[in-house]
Amino acid sequence: MLILLTTALLALSTSTSALPTSPSSPLQSKTKRCTPLLENTPWTISHLVAFQAAVQNSTSTPPSPSNTSSSTNPTPGSSYITFHFCDTNPGLELETTCTRLITPGNPSSGPPASVIDPGTYYPCDSNEVRFIYSGARLTLERSFVDNCLGAPPYNSAIVGGSAGTTLVNATSAAGNTCSQESLVVNITEEW
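For the sequence shown, the residue numbers in my numbering are -4 to 186.
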């Protein structure tokens, strides 16, 4: 009888057809599977405006960008770049304003600092996004946390992309304004 019971148990443990297959089976893995978030839809930039102030012998006030808060409105002699960032990728949806304001320096020290700074990233209102503006290109990086990538600190990712600008220029006594209504930035880099 003992031999018969042992043989039956052995046959049961090696037979896959005898195993329960329902999702609630205690023999099924308890690991929860998830799908990592993907940045595969390009980002949209809108209302891109770069204003470079003229030399400060003028008291003209630069045009105020429509998408900045009152605390970042330019004063005479200020230069700025501002735009609206939109990410529509599922699970990563984000809209934020990106602005870099350069307040005027000492008039005797020469022309105002340039809004063009091809070697430095500047943060947006959402610290998940930062940008470099080189005049001819806008480069963006976006960071996000996704627990499907792994446990901390391996659960974060940085993606980026850049796009050439096609700016419309307008010059006034206050300075030079360059603008572009919209821009599509393909995501081409992952870190």
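FYI, nobody ran anything at the bench for these hints, they're computed from the structure. Watch out, some of these pointers could steer you wrong.
Stated by the list, open to error - DEER-style ranges, computed between Cβ atoms:
hint : residue 1 : residue 2 : range
1    : SER121    : TYR149    : 49 to 57 angstroms
2    : SER129    : HIS42     : 15 to 23 angstroms
3    : THR30     : ILE111    : 37 to 45 angstroms
4    : PRO147    : GLU185    : 15 to 23 angstroms
5    : PRO99     : LEU33     : 37 to 45 angstroms
6    : PRO99     : PRO148    : 38 to 46 angstroms
For glycine and all other residues, C-beta sits at the position ideal for the given N, C-alpha and C.
Against the structure, the hints:
no.	hint	result
1	SER121 to TYR149: 49 to 57 angstroms	violated (22 angstroms)
2	SER129 to HIS42: 15 to 23 angstroms	holds (19 angstroms)
3	THR30 to ILE111: 37 to 45 angstroms	holds (40 angstroms)
4	PRO147 to GLU185: 15 to 23 angstroms	holds (19 angstroms)
5	PRO99 to LEU33: 37 to 45 angstroms	holds (44 angstroms)
6	PRO99 to PRO148: 38 to 46 angstroms	holds (41 angstroms)
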